[in-house]
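Visitor: Chain order of the listed sequences is A and B.
Sequence positions in the first sequence follow this note's numbering and run 50 to 387.
Sequence positions in the second sequence follow this note's numbering and run 250 to 518.
No wet-lab data here; the hints were simulated from the structure.
Some hints here could point you the wrong way.
[Claimed, not checked] Where chain B lies over chain A, by a calculated footprint (3+ residues, C-beta under 8 Å): (1) 115-127; (2) 170-179.
[Stated by the list, open to error] Only pairs whose alpha carbons sit at most 30 Å apart, straight line, appear in this in silico DSS-like list of lysine-lysine: (3) Lys434/B to Lys177/A; (4) Lys511/B to Lys177/A; (5) Lys434/B to Lys185/A; (6) Lys511/B to Lys434/B; (7) Lys434/B to Lys335/A.
No residue lacks a Cβ here, since even glycine has one placed at the ideal position from N, Cα and C.
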Amino acid sequence: MIEAHELSKVFKVRKMRPGLWGAVRGLVSADVEEVRALDGVSFSVPAGERTAYLGVNGAGKSTTIKALAGVLTPTSGHCRVAGRDPRADRYAHARTIGVVFGHRTQLWWDLPVEESFRILARLHDMSKEDAALNRKLFDEVLDLGEIAHRPVRTLSLGQRMRAEVAAALFHNPRVLLLDEPTIGLDLLLKEAVHELVNRVVADRGTTVLLTSHDVADITAICERVVVVDSGRDVYTGDLDDLLRQAPTRTVRLDYSGDISPESLVSHVRHYIGLVQVEIVGRRRIKVEGPPDLATPQAVLNAVSGLVTVTDLVAPEPTLGEVLRALYVRTAEPARGAR
Amino acid sequence: MTTLRVQARGYGAILGAGWRTALAYRGALMLTALTTALSLAVQLSVWNAVYDGRSGIQGYDATTMTTYLLAGNLLAVLLSNQIDDTLSGDIYRGDHVVGLLRPIGFLGSHAAVALPYLAVRLTLVVLPLLGFALVFVPLATPTVAGFTWFAVSAVLATTLGILLNLLVGLAGFITTSTWGLRYLKGTVVAFCSGQLVPLELMPAAVRGVMEWLPFAAMVNTPVRLLLGRLEGLAALHAVGVQLLWVGLGLLVCVFAWRGALKRGEVSGG
């Protein structure tokens with residue numbers, strides 16, 4: 050449903066010289082710098098799938114979303130959304146996709162929210178029944194009723210984002226591009242957005258590509274992940290597989306017994322090997338190491354006969370930890386190449 | 250056919266939004282009416298001083314000049330449609346991408362927003378000021394033919410105003426801020442269109458240049474038609490020139506827009 054092939058985008062950016070004198074000099078001569086926002090990104094998202102498109106700030110996420118939305122021309126490479134070049138038939142493409150740019154509004158600034166939905170229904174040639182059905186659904190999930198009569202410019206960021214997400218989904222698009230869709234929302238509203246997206250996706254088979262710095266968005270909505278770094282794709286696969294790629298696992302052990310904590314730490318370290326063991330509380334130690342070594346079973350074996358285990362916790366690695374490790378790993382070869 | 254119907258429905262929606270948006274700023278409209286009235290009062294006082302003891306200048310008597318200034322300034326109210334401001338502001342912030350995500354022509358939708366805006370200005374600024382002037386200020390009475398030519402010509406002048414503002418707005422793709430350009434446009438249009446001084450009163454060389462520029466078609470042509478100073482073939486020729494400028498303006502806008510799309514860059518994240 051979404052295909053990106055060797056997408057690259059180079060922006061020419063005018064360099065600003067510092068200070069007043071720099072500004073004056075800039076009037077007569079300007080240095081132009083090339084910024085490579087995308088450097089050959091390739092990935093695909095099958096129909097009906099929900100994929101997170103992740104990367105650090107400046108990795109090229111929003112540039113990719115804009116290229117897929119058809120509002121930005123790639124320098125080279127090409128992309129197709131629902132079998133169509135986004136720039137070839139803009140009107141048809143606009144009916145196929147729904148987009149949320151977290152920091153931009155697609156609603157009419159001076160008009161009440163409900164008026165924006167009325168205009169969107171006409172723009173997308175929706176039947177009265179479809180429009181009414183969607184309004185009902187969005188009212189139910191996002192509680193839009195309370196802001197329906199207020200001009201968009203008077204809404205708080207959180208209220209506006211609710212309306213923005215609803216507006217992106219309003220015309221039943223086949224593809225949903227979400228660029229930071231929960232920015233500014235509190236926990237409850239984030240969950241409401243997740244619920245709405247998941248309900249709509251489940252009912253209508255919408256394909257979703259999401260960029261977000263919020264791990265909760267990714268884990269709540271997506272099943273697949275594309276990770277970009279420095280304009281290139283560095284990982285494509287299932288979210289669960291990515292989580293399993295965590296370079297370390299942690300096991301926390303609570304115990305009772307007469308052995309001194311230092312002796313226990315030394316024993317566990319010696320027994321398992323190549324793991325870090327530290328005291329993290331009264332009668333509590335933490336074992337951290339490679340996933341094949343730092344397992345609950347290995348820790349239990351190590352302390353067997355020495356102490357009584359009162360609790361054993363092996364938390365799943367967070368997506369943030371995994372991504373951090375992935376970025377470091379992909380940055381190292383690049384540094385080595387220099 | 251279906252596509253056309255859908256497009257028409259879309260433009261209808263945009264027009265509707267334009268109406269409500271234009272009416273949302275009633276204070277600004279009152280201010281426009283006030284500044285136009287004040288500007289007119291100042292210009293009329295200046296010309297009153299110029300006419301002191303004279304019966305006419307280049308065939309303009311005091312009443313004809315008053316009518317010229319009134320019609321010219323009221324027409325100028327309709328040349329200002331804010332498209333340049335909103336379009337360049339959107340480009341500056343990168344918000345024009347939202348317009349690109351709608352299944353409707355980008356420039357067409359901006360032009361469509363201008364129409365209700367102009368209709369509101371016509372209803373709430375131009376007509377009240379005209380009504381006031383008709384009661385309290387001695388004015389020349391146009392002929393039916395003159396008024397008919399004026400009506401056609403004023404529509405073309407307003408179209409030119411929309412196209413010029415679209416072009417100035419699109420300049421936002423080239424220059425970061427269009428403030429200077431918009432200021433320059435305001436000054437050039439006011440002077441070169443004949444809004445402040447009829448072009449016929451300018452030195453021959455200056456007038457020669459001005460008449461070759463599109464700005465003359467924005468005020469000078471329609472007001473001269475209203476006053477019966479262009480009749481018959483001359484009127485037809487003047488309106489023909491206006492039509493040519495509109496056609497040329499449309500072409501330039503389309504090419505500028507295609508160039509901007511090809512460049513296809515967006516400010517901000």
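Visitor: Okay, which hints does this one fail, numbers in order?
Guide: 3, 4, 5 and 7
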